[in-house]
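Colleague: Chains as they are written, first to last, in this note's numbering: chain W, 32 to 510; chain H, 140 to 484.
FYI, nobody ran anything at the bench for these hints, they're computed from the structure. In this text the structure is predicted, and so the values were computed from the model without any measurement. Each residue gets a CB set at the ideal place from its N, CA and C atoms; glycine is no exception. Some clues are possibly wrong.
[To be verified] Among the chain H residues that face chain W by a calculated CB cut under 7 Å, a handful are:
1) Gly155
2) Gly166
3) Ala169
4) Glu318
5) Trp321
6) Leu323
7) Phe331
8) Val334
9) Ala361
[To be verified] Cross-link-like lysine to aspartate or glutamate pairs, in silico, DMTMM-like; alpha carbons within 25 Å at most:
10) Lys465/H to Glu435/H
11) Lys380/H to Asp266/H
12) Lys465/H to Asp442/H
13) Lys421/W to Glu372/H
14) Lys343/H to Glu461/H
15) Lys421/W to Glu378/H
16) Lys343/H to Asp451/H
17) Lys343/H to Glu231/H
18) Lys343/H to Glu430/H
19) Lys427/W to Glu364/H
20) Lys196/H to Glu231/H
21) Lys465/H to Glu231/H
22) Lys427/W to Glu372/H
23) Lys421/W to Glu258/H
24) Lys196/H to Glu346/H
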Amino acid sequence: MIFPTFTFLCFFAALLAVFVLVRAHASRKAVLLVASCVFYMWWNPAFILLIFTSIIIDYFVARRMDFTADQRKRRALLVISIGANLGILAFFKYANFFQDSLLWSLRLTGQQPDWTTLNIILPVGISFYTFQTMSYTLDVYRRELPASRSFLDFALFVTFFPQLVAGPIVRAADFLPQLNAPVRLCFDRVAFFLFLRGLAKKTLVADNLALFVDGVFTNPADWPSAIVWLGTVAFAIQIYCDFSGYSEMAIALARMLGFSLPVNFDRPYFATNPSLFWRRWHISLSTWLRDYLYIPLGGNRGGTWATCRNLMITMTLGGFWHGASWNFLWWGVAHGVALLVHRLWVEMKMRLPWHETLDASMLYRFACFLALNYFILATWIMFRLTDFNKMRVALKKFLFFDFDFHFTSIGLGALYIFSTVTVMLGFLVLHAFGHFFGGLDERLSRVRPSVGCAAAALVGVLLTLFWPTSSQPFIYFQF
Amino acid sequence: MSKLVELPPQPPSMRGFVALCAALCAGVLAGWCLLAGVTSGLNGELSRTAFLAQTFKNLPANPPHTVAIGNSVTMNGLDCGALGAQLSPSRETWNLATTGQTLLESALLLDALPDSVREILYCTTVDGLVGPVINTEPSKLIAARLYGLGPGETASLVWPEGSLLPPELNLPYWRIVLESRWILRAWLDNSFRAVLRRDLNLQKANEDLHFPQLYTQRIAPATYERALQRQAEARASNEYKIPSHSLDAIVALRDWAVRNNRRFIVVVLPENPDLRGITPPSLYAAADSMENSLRERGVEVVDLSTVLSAGDFVDIVHPGPEGARKFTDALAQALRAMSGAVPKP
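Using the sequences and the hints given, assemble the complete structure.
Modeller: Below you can see the structure in the form of structure tokens.
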């Protein structure tokens, strides 16, 4: 079940109806847990067992960890929890990849193994909920969080449907305390307009751009550099709107149910360096990687080279988290290198006597903004194309412009290039407006009710007119 | 701790939220009404279908005797005005081709044909002859329904026996209107294209009943080469076998035409020799086999696939003005040579 569907609308309406009937705090939590299970089982009922396996292991491991003071036992329990979680993740997400890679390597050496391909189905949201449960046991192990005494609370923390399949990755320390207070519905204008913002981003921008992006990246060799560039920028906008749109809808739905989820995006394309970009893109993942991988590895405490090593390990694994494919690994490596270069540049710059003047210069910041976005766009090509040859061709066309574009080459239909550019420009104008003057949804939640209603009606008209007829799956569902 | 979205200290009243939801629903309804009012009149890539459907309803004083159905190659390569004038006796001939027209779309047009039509030219490319003939994008079927074309006898004939027609052909009106929203985007694209591509006569392509030629200027050599390469890869990766359903569908159409005292002729359109050079021979073997099978089952076939040279094309598939003239003349000659009686099924 996905948010922008009639099925979900009915599901949510039914949930609210039950909430009106059920007033008791514990009962409302139970209703939410059941609803979350139904939400997940709509895709594939069997895989709910997998989630509950993680829940049961982590709940009891954390409880046991809380009761014992013996550090060795606590560490053994942590290993059990992490081993189980990573084992499940490795099997369901990476087994096919490792098998294919092994086959490929064996064939390189001239062997022809004839074992059967596993063809394991990837459970939706496994990367998200695995990281969520792992962070819980790690927090309990570090004594930053007491183990949850309520199985219901813990199960609801893991399965809470707004964020179950594509994040934001919620920390137990943020969510579990919210379950101690009574569950109260919160239908305010902030939630309404935030949901509409996410919905519009997903349907009006991301899905409309998807038609063009898919057309370009199906075979980039067919297109000149100008179209590859346009396709890459369109994909950058598509993936941002797709993922941040989902996060915003999730946050808004959680808010309607009386829960607060973490902010996941903060206009990342306005960043001026890779470090800032990762503080604004998929914030819940980057902070997770920072807190549970980069810092435990030593962070930036061991000198320049140790920091560089830690950065590369973190970003490479971060890239691999996205998908069991080499392109995601390279994407992570590229971002690791960028963070590393940026770090070295900052260290070098600090020794310059005029570094403060440089940092304050608008021209310098604008140049940084352009350079970062050029890099980000190139890496989106690596992210988008799993086929190495297509990736190579697209990157070549992106990096070495061929000046081979003629309007007479554009036939009827084909890619919807002009409407795509219109959507992109419309998004960029609104995005820039939001960056400099505040988001439209925030403004609309403060205006007079009549103006708010007029805006809602206008969005209704736009959704009806420009919601694409072919629905596109959320990109991050595959992770 | 992460940066959480703050919740209000007190839950707000539901009234404001309900009002917003009601306004949103009102907007959706207004959007639907807007769609119902404007989409059928917008100039999108299927405007020609709308124009043809409208023309069938308001026939001019001189209705057609012969019609040609097909895709953009037929639009660009067949001057039906000149064709009709060269036939003996001369007859009103219309070009009913539309961009990417499939046999199912053709069938929707044939179901709405005026009674005056006595001869149907089913124009197909060589690869179209051996490809799937009925696979039609849902959006096109939606547009056809919106423009007043509905599934009739012919549509059922070309569809595989025993399987249901595409659901788009049976949707209720409110859904047809809602699903037709893609036309807005097509209109937006067409409007921009009309401004940027002065070489295209979009109005002629939409509204000319005789010669809706759209492409007249040769594309850039680099673009031509790239398109050729793309086509080479696509053709090399295909396996060419005659889809049994295609043969049955064309024969069924011929039978339907004969039952209605109409002549049905399959015309194989000219192919760019540059394409022939890069195509696996299996395509032509399959096309020959298909033509032979059609002839064995009594279908008249005119194969003009080799009448043009590479210079007669503006791109890898569409004949230019000179190519259209040559092809039209060749077709007129072939039709004059054929006997006038309607063959029996």
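Colleague: Hint validation: Ala361/H versus chain W, beta carbon distance must be below 7 Å. Holds or violated?
Modeller: 5 Å, holds
Colleague: Can the hint on Leu323/H be confirmed by a CB-to-CB distance to chain W that is less than 7 Å?
Modeller: Holds. Min distance 6 Å.
Colleague: Does the interface hint hold: is Gly155/H within less than 7 Å of chain W, judged Cβ to Cβ?
Modeller: Status holds, d = 6 Å.
Colleague: Please check whether Gly166/H passes as an interface residue: C-beta within 7 Å of a C-beta belonging to chain W.
Modeller: 2 Å, holds
Colleague: Do the alpha carbons of Lys465/H and Glu231/H lie within 25 Å of each other, as the hint requires?
Modeller: 20 Å, holds
Colleague: Lys343/H and Asp451/H were given as a pair; does the straight-line alpha-carbon distance stay at or below 25 Å?
Modeller: 21 Å, holds
Colleague: Return the status of the interface hint for Phe331/H: holds when the least beta-carbon distance to chain W is below 7 Å, violated otherwise.
Modeller: OK, holds: Phe331/H within 7 Å of chain W, min 3 Å.
Colleague: Tell me if Val334/H is really an interface residue toward chain W, meaning its C-beta lies closer than 7 Å to one of theirs.
Modeller: 9 Å, violated
Colleague: Compare the distance between the alpha carbons of Lys427/W and Glu364/H with 25 Å, and conclude whether the hinted pair is satisfied.
Modeller: Holds, at roughly 19 Å.
Colleague: Given the proposed pairing of Lys421/W with Glu378/H, does the C-alpha separation stay at or below 25 Å?
Modeller: 23 Å, holds
Colleague: Given the hint that Lys196/H pairs with Glu231/H, does the C-alpha gap stay at or below 25 Å?
Modeller: 17 Å, holds
Colleague: Straight-line Cα separation of Lys427/W and Glu372/H no greater than 25 Å?
Modeller: 20 Å, holds
Hint compliance for this structure: hints 8, 10, 18 and 23 are not met, and every other hint is.
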